[in-house]
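**Q** Starting from the structure of chain A, add chain B where the hints point.
If you're matching them up, the sequences are chains A and B in order.
Just so we're aligned: the first sequence equals residues 1 to 492 in our numbering.
Just so we're aligned: the second sequence equals residues 1 to 308 in our numbering.
All the given hints hold, so there is nothing to weed out.
Keeping only pairs whose Cα atoms sit at most 30 Å apart, straight-line, the calculated DSSO-like set for lysine-lysine is: (1) B/K133 - A/K338; (2) A/K349 - B/K134; (3) B/K136 - A/K349; (4) B/K136 - A/K136; (5) B/K134 - A/K136; (6) A/K338 - B/K33; (7) A/K290 - A/K381; (8) B/K172 - B/K304; (9) A/K136 - B/K133; (10) B/K231 - B/K219.
Among chain B residues calculated to face chain A with C-beta under 8 Å, some are: (11) G44; (12) A49; (13) R52; (14) G75; (15) M106; (16) N155; (17) P156; (18) A180; (19) I183; (20) A185; (21) G188; (22) H190; (23) G199; (24) Q204; (25) E209; (26) A279.
A short list of chain B residues far from chain A (calculated; beta carbon distances all over 10 Å): (27) K145; (28) P222; (29) E232; (30) G234; (31) P248; (32) K253; (33) A257; (34) E297.
Calculated directly from the structure, the hints in this document are not laboratory data.
Every residue, glycine too, gets a C-beta built ideally from N, C-alpha and C.
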Amino acid sequence: MLSNLIQGFGSILHDPTIFLFMAIGVVAGIVIGALPGLTSTMAMAVLLPLTFSVPSHLSFPLLLSVFSGAMYGGSISAILINTPGTPSAAATVFDGYPLAMKGHAGKALATSTIASSMGGLISVILLSTISPLLAKFALRFAAPEYFALAVFGLSIIASISTQNLIKGLLAGLFGLVIATVGMDPISALPRFTFGRSELLGGVAFIPLMVGLFAIPQCLVEMESIFRTDETLKNIKSELLNWKELLYIAPTILKSSLIGAFIGAIPGAGGDIAAFTAYNEAKRSAKRGEKFGSGELKGIAAPESANNATTGGAMIPLLSLAVPGDSNTAVLLGGLIIKGLQPGPLLFTKQAGLVNTIFASMFVANIFMCIIGLLGIRLFIKALNIPKKIIVPVVLTLSVVGSYSMNNSIFDVFVTILFGIIGYSMQKVGIAASPIVLAIILGPMAENNFRRALIMYNGSLAFLYTRPITIVLLAITIFTLVSTLIKQHYARR
Amino acid sequence: MKKVSIFILSLIVVSTLAFAGGTKEVKFPERGKSITIIVPYAPGGGTDAVARMLAKYAEPHLGVPITIINKTGGGGAVGWAEAAKARPDGYTLTMFAPNIVTYAIMGLSDLNYESFESVLMVNNDPGVIVVAKKNKDLDVVKMLKDPSYVSGGENPNFYLLAIEAKTGVKHKDIPYGGAAERIPAVLGGHVDFAVINIGEGKGQVDAGELIPKAVLSDKRIPALPNTPTLKELGIDAQMGAWRGLGAPKGTPKEIIAILETAFTKALNEPGFKEAMEKAAFTIEYKSSGDFYKFMKEQEVAIKKMLGK
Numbered sequence: 001m002l003s004n005l006i007q008g009f010g011s012i013l014h015d016p017t018i019f020l021f022m023a024i025g026v027v028a029g030i031v032i033g034a035l036p037g038l039t040s041t042m043a044m045a046v047l048l049p050l051t052f053s054v055p056s057h058l059s060f061p062l063l064l065s066v067f068s069g070a071m072y073g074g075s076i077s078a079i080l081i082n083t084p085g086t087p088s089a090a091a092t093v094f095d096g097y098p099l100a101m102k103g104h105a106g107k108a109l110a111t112s113t114i115a116s117s118m119g120g121l122i123s124v125i126l127l128s129t130i131s132p133l134l135a136k137f138a139l140r141f142a143a144p145e146y147f148a149l150a151v152f153g154l155s156i157i158a159s160i161s162t163q164n165l166i167k168g169l170l171a172g173l174f175g176l177v178i179a180t181v182g183m184d185p186i187s188a189l190p191r192f193t194f195g196r197s198e199l200l201g202g203v204a205f206i207p208l209m210v211g212l213f214a215i216p217q218c219l220v221e222m223e224s225i226f227r228t229d230e231t232l233k234n235i236k237s238e239l240l241n242w243k244e245l246l247y248i249a250p251t252i253l254k255s256s257l258i259g260a261f262i263g264a265i266p267g268a269g270g271d272i273a274a275f276t277a278y279n280e281a282k283r284s285a286k287r288g289e290k291f292g293s294g295e296l297k298g299i300a301a302p303e304s305a306n307n308a309t310t311g312g313a314m315i316p317l318l319s320l321a322v323p324g325d326s327n328t329a330v331l332l333g334g335l336i337i338k339g340l341q342p343g344p345l346l347f348t349k350q351a352g353l354v355n356t357i358f359a360s361m362f363v364a365n366i367f368m369c370i371i372g373l374l375g376i377r378l379f380i381k382a383l384n385i386p387k388k389i390i391v392p393v394v395l396t397l398s399v400v401g402s403y404s405m406n407n408s409i410f411d412v413f414v415t416i417l418f419g420i421i422g423y424s425m426q427k428v429g430i431a432a433s434p435i436v437l438a439i440i441l442g443p444m445a446e447n448n449f450r451r452a453l454i455m456y457n458g459s460l461a462f463l464y465t466r467p468i469t470i471v472l473l474a475i476t477i478f479t480l481v482s483t484l485i486k487q488h489y490a491r492r
Numbered sequence: 001m002k003k004v005s006i007f008i009l010s011l012i013v014v015s016t017l018a019f020a021g022g023t024k025e026v027k028f029p030e031r032g033k034s035i036t037i038i039v040p041y042a043p044g045g046g047t048d049a050v051a052r053m054l055a056k057y058a059e060p061h062l063g064v065p066i067t068i069i070n071k072t073g074g075g076g077a078v079g080w081a082e083a084a085k086a087r088p089d090g091y092t093l094t095m096f097a098p099n100i101v102t103y104a105i106m107g108l109s110d111l112n113y114e115s116f117e118s119v120l121m122v123n124n125d126p127g128v129i130v131v132a133k134k135n136k137d138l139d140v141v142k143m144l145k146d147p148s149y150v151s152g153g154e155n156p157n158f159y160l161l162a163i164e165a166k167t168g169v170k171h172k173d174i175p176y177g178g179a180a181e182r183i184p185a186v187l188g189g190h191v192d193f194a195v196i197n198i199g200e201g202k203g204q205v206d207a208g209e210l211i212p213k214a215v216l217s218d219k220r221i222p223a224l225p226n227t228p229t230l231k232e233l234g235i236d237a238q239m240g241a242w243r244g245l246g247a248p249k250g251t252p253k254e255i256i257a258i259l260e261t262a263f264t265k266a267l268n269e270p271g272f273k274e275a276m277e278k279a280a281f282t283i284e285y286k287s288s289g290d291f292y293k294f295m296k297e298q299e300v301a302i303k304k305m306l307g308k
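Isolated chain B (complex conformation):
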């Protein structure tokens, strides 16, 4: 009898404590657990590299290990589908990339950024217009306004569409599989220009084989301080490959806030900044709310470009 009453008493004490603790003191992350980031692209790619650097520098701030799982396929859609199904407890996150906005518009995926909670934006690599060495002295504005120049791109080539929306001039665009195919096409003279991310072509740019002509951003980027933005040259076209973190829909706000704070701290670590700079990735921080707004704007712009 005594035992039972003690048991009941302790139950009452525990439950009142639990309710009293309802002053929103979330214990996250718990010791002994680990956080998983689902990267929807293959190891060795840009998104994977950013995720791994981010994980390395965020671990000390969260106090738990962070594991990267690569779940590839469908241009990211397979990994995102997996992440969307995960328990919304903050222990499973995913890396966002532009396809989380574009694929839904193109009808290739049922999921988009609205199917997740956004945590923060990490980087944004604006498009860089590059030409081969022999076209070093070409005037980039003239080139973009002359439809006889051929672009090496992909379908849809959002960089080129963004430029064309401003210039009104259509270029012939030969679709390639990715930067690994576009860069040789420019180097070999098979196309006149291509828009790439600087990280993809830095080796060739440093060697003077690829010449960066203009950057599709608001401000000049640290990796190319001497290359003007297209905006400076009078064509205000901006488009980039951006990355950030997302969490399954329904992850509590408090947990998102803890994650946001920890990853923001990681972003400001000198080591992280140095590693990103070395790999030629441009850091661009946006808070959870701003990141969501950013993706919404992207969605509107891309819908317009595709006429949808």
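In isolation and in its complexed conformation, chain A is listed as follows:
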């Protein structure tokens, strides 16, 4: 099956304009990903009408380049301004920002660039080799398995709340409460919507994210906005050396596998993958690795995992015609507009296009690595921009971003409300990331728990009779216990 990839290279070499389209796509993706509130889904949706007029061997590489670039771009703002550009970069903040504050922004960005591209490349290789196998495995996930996966994801809250477990759990509970807003997916009754149709689909996620991360960060910066010389003094622009590369390599490999695997499961995307990979890297940490205060592995893990979901999410899209996440849902639309029906036959009937997709994803990740590494010196300059300039710019972009997601002024108010909540939380030392995890995973846990109950006529037998569910729940218990023991000893 690797021959598909090679044939794909042959076909994209025929038309060099593809490379131009892809370079533009990667750069646009990085910029969009880096801006809080603008996401790859939105960018791809804007570009979707292009698939009408531009031939598919050009339009799909462009869309895929934007997809990959944005997944990486989110880490730049996470590292430099403590604000994840996309939900998938929320876990990159933990170690990326502290490392940048120590003056090693160059190292942090280089790690995220290399990890992102490697994650992407590994996932493309998996996509072009074992995609039918992974697709088959993904089909074995029914409601009980999804429920167990969500519970496992929620258990990560414990391990990312090392400072204060109670505050972490509080934030997680708050997130779960927010996640109940909207139409109850099982009985189709509105919950806590106060008669607003904007809330029927739940609190819009991107505006909420922008409110929880970007706005509080701006407010905190504003407290010292007129104190001059607040910018970092000695920013070293050195990148990674070979020793450090070798040091993060195993983490990248492991996290990429986690990412590709999670991406292949429909409904689980880059955000869940990034948190899971971070959790695993932290769990398997050796003595002396300080996660949470600028550990390179803490950047490499989430960044390689979230980019590995790009290839992973393509697996159910191409082989099952089921989008793995919101980005691939847009791609599905593009395929349908072109009259190309994804599914098992796509590989034989449209082998040319499939090969082009594989090859262009591969090349997009290489472009991303080159452009990213070349751009680091430029990105770092953001740290030298005076706060009086950068704070208003980020605030404006945040509002524009949250409006443009659904073209809705209601969403802007969501951003402002959660901005105030986020700022107050920061003041009392409650982290925002457990809320993000809970909002992503809460509905997944609830819906699938209720679905499983219907499947089993109200019995809880699904918790202990299904192999995958048992394994997932066992991992959850193992993670929780080992984290608690570690925290216990760490406190002594």
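**A** For chain B alone, coordinates are given in the frame of chain A:
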């Protein structure tokens, strides 16, 4: 003085002309303006795809550009609320989908099709009952009359309710988020059958992984000429996902007529037909009046199903 009298004279001439022109000669659409279609669903979905194809083929007939704006949320209610508030001058339209009827009945929205003028119905994708490959030889009528078979649906599942209204047999229905979740549930053997639209599962149907057993329509559909309708099999249940165009309440009749004519022409373009067929959407044209009647019938049927 002279200037003023000329001015007054020209005013009189212009106003008489304007009144004389009252023989209902509406100039629509005016050159330089553009028509906006508010799609209440996300780009990439079925409604969005139909709207974009329609816009492409209607532009030459209207002579002005048509822009698609996606305003998502609330199962369509957010976009429709926006469209209902727009100026009723024909320059803002919206795409209708079944929720414009059902949401008001379910108490999820204050607006329904009566809050708009209907322009025309464009397509209607009837439900298709699909099973996994391993159940290829299952007798569909037997399956629908045996309550032990589990359906993968949603709540409320109007397809299943329409079938159950005819058979009187209740199936266990596991609610999923949409076809993207229902299809894997059938493929993975987690449910026995599901009702989908053919466009959502064509890839799997062509590959022989999903087997279409029956169509919930009056006539067989072009995409599945060998699949019988449920009506042929003795259960006359019909239900589909339909789409059409609507305009804000109060849009002048003449403008609706111009729009209807132009979009009807688009519907008959060979290019449009081909694009719809490729994407496995079934074209079903209904005029402005028939479309309204159709939605009224849907409303009655659904109220009955939900016992309201």
